[in-house]
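Following the hints, complete the assembly by docking chain B onto the known chain A.
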Amino acid sequence: DTGVSQDPRHKITKRGQNVTFRCDPISEHNRLYWYRQTLGQGPEFLTYFQNEAQLEKSRLLSDRFSAERPKGSFSTLEIQRTEQGDSAMYLCASSPWDRRDYGYTFGSGTRLTVV
Amino acid sequence: RKEVEQDPGPFNVPEGATVAFNCTYSNSASQSFFWYRQDCRKEPKLLMSVYSSGNEDGRFTAQLNRASQYISLLIRDSKLSDSATYLCVVSHNTDKLIFGTGTRLQVFP
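As you go down the protein sequences, you meet chains A and B in turn. Under the numbering used here, the first sequence has 24 at position 24, and the numbering climbs by one with no breaks. Under the numbering used here, the second sequence has 1 at position 1, and the numbering climbs by one with no breaks.
If we strip away everything but chain A, and leave its shape as in the complex, we get (with noise of 0.2 Å):
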């Protein structure tokens, strides 16, 4: 499978535990881009690499969010005392530096609901 993976596909957690997503971007894309979608919204920003350097942060990433991409392949995503506000689809993308404005790939997310 070439395209972009997320794992997992459905975590259930109750509120106030820590939570970790993974993402798996296409092999040669070097930038990689978390955005969280909640029902009737579109996706909205989270954060972004290239490579492994973190290039921006939304607002809307708490001091409990924490986004790595340690060697510049994957990526995790954390979020520390999950809220019930917490709960969305957290959806990755990646695209090459140098065709980026031809849009992203999307995984299948990760669908986070605290209980």
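Do not take every clue at face value.
To be verified - No farther apart than 30 Å at their CA atoms in a straight line, the calculated lysine-lysine pairs in the BS3-like style are these:
| no. | chain 1 | residue 1 | chain 2 | residue 2 |
| --- | --- | --- | --- | --- |
| 1 | B | Lys96 | A | Lys11 |
| 2 | B | Lys45 | A | Lys71 |
| 3 | A | Lys71 | B | Lys96 |
| 4 | B | Lys45 | A | Lys57 |
| 5 | A | Lys57 | B | Lys2 |
| 6 | A | Lys71 | B | Lys42 |
| 7 | B | Lys45 | A | Lys11 |
| 8 | A | Lys57 | B | Lys42 |
| 9 | A | Lys14 | B | Lys42 |
| 10 | B | Lys42 | A | Lys11 |
| 11 | B | Lys96 | A | Lys57 |
The hints are simulated quantities; they were obtained by calculation from the structure and are not laboratory data.
Structure of chain B alone, referenced to chain A:
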């Protein structure tokens, strides 16, 4: 006010109809424009890029009016399989995409 505004719909149209979606964006520095399609509980997928001269891909035609900061998508001869949410997307400097809330289309037999 959201940076990318779309009518959420739903647009309910019969098979074979022509339907048009509109979108406005607020940042005049926007440089790249796209339409994405999203099926229920699936990830968004690129439908087409939008160019200043307008562009067509089969039954789909996209238009961009930079002066009015307005983007449109026209779907001709609607199919049942066109039922989805259509997301209007802009980018300022191609570093991140900014999505509208989407317009839901339902094509009925």
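These are the hints, each one checked on the structure:
1. Under the criterion of a C-alpha separation no larger than 30 Å, the hint pairing Lys96 (chain B) with Lys11 (chain A) is consistent with the structure, at around 26 Å.
2. Restraint check for Lys45 (chain B) and Lys71 (chain A): the C-alpha separation of about 27 Å stays at or below 30 Å, so the hint holds.
3. Annotation: proposed proximity of Lys71 (chain A) to Lys96 (chain B) holds, straight-line Cα distance about 21 Å (limit 30 Å).
4. Annotation: proposed proximity of Lys45 (chain B) to Lys57 (chain A) holds, straight-line Cα distance about 23 Å (limit 30 Å).
5. For the hint pairing Lys57 (chain A) with Lys2 (chain B), the CA-to-CA distance comes to about 19 Å; that is within 30 Å, so the pair holds.
6. Using a Cα cut-off of 30 Å, the hinted pair Lys71 (chain A) and Lys42 (chain B) holds, with the two alpha carbons roughly 28 Å apart.
7. For the hint linking Lys45 (chain B) to Lys11 (chain A), the alpha-carbon distance of about 23 Å falls within 30 Å, and the restraint holds.
8. Under the criterion of a C-alpha separation no larger than 30 Å, the hint pairing Lys57 (chain A) with Lys42 (chain B) is consistent with the structure, at around 24 Å.
9. Straight-line distance between C-alpha atoms of Lys14 (chain A) and Lys42 (chain B) comes to about 24 Å, which keeps the hinted pair within the 30 Å bound.
10. Among the hinted pairs, Lys42 (chain B) with Lys11 (chain A) is consistent with the structure: their alpha-carbon atoms are about 16 Å apart, no more than 30 Å.
11. Straight-line distance between C-alpha atoms of Lys96 (chain B) and Lys57 (chain A) comes to about 11 Å, which keeps the hinted pair within the 30 Å bound.
Consistency note: the structure conflicts with none of the earlier hints.
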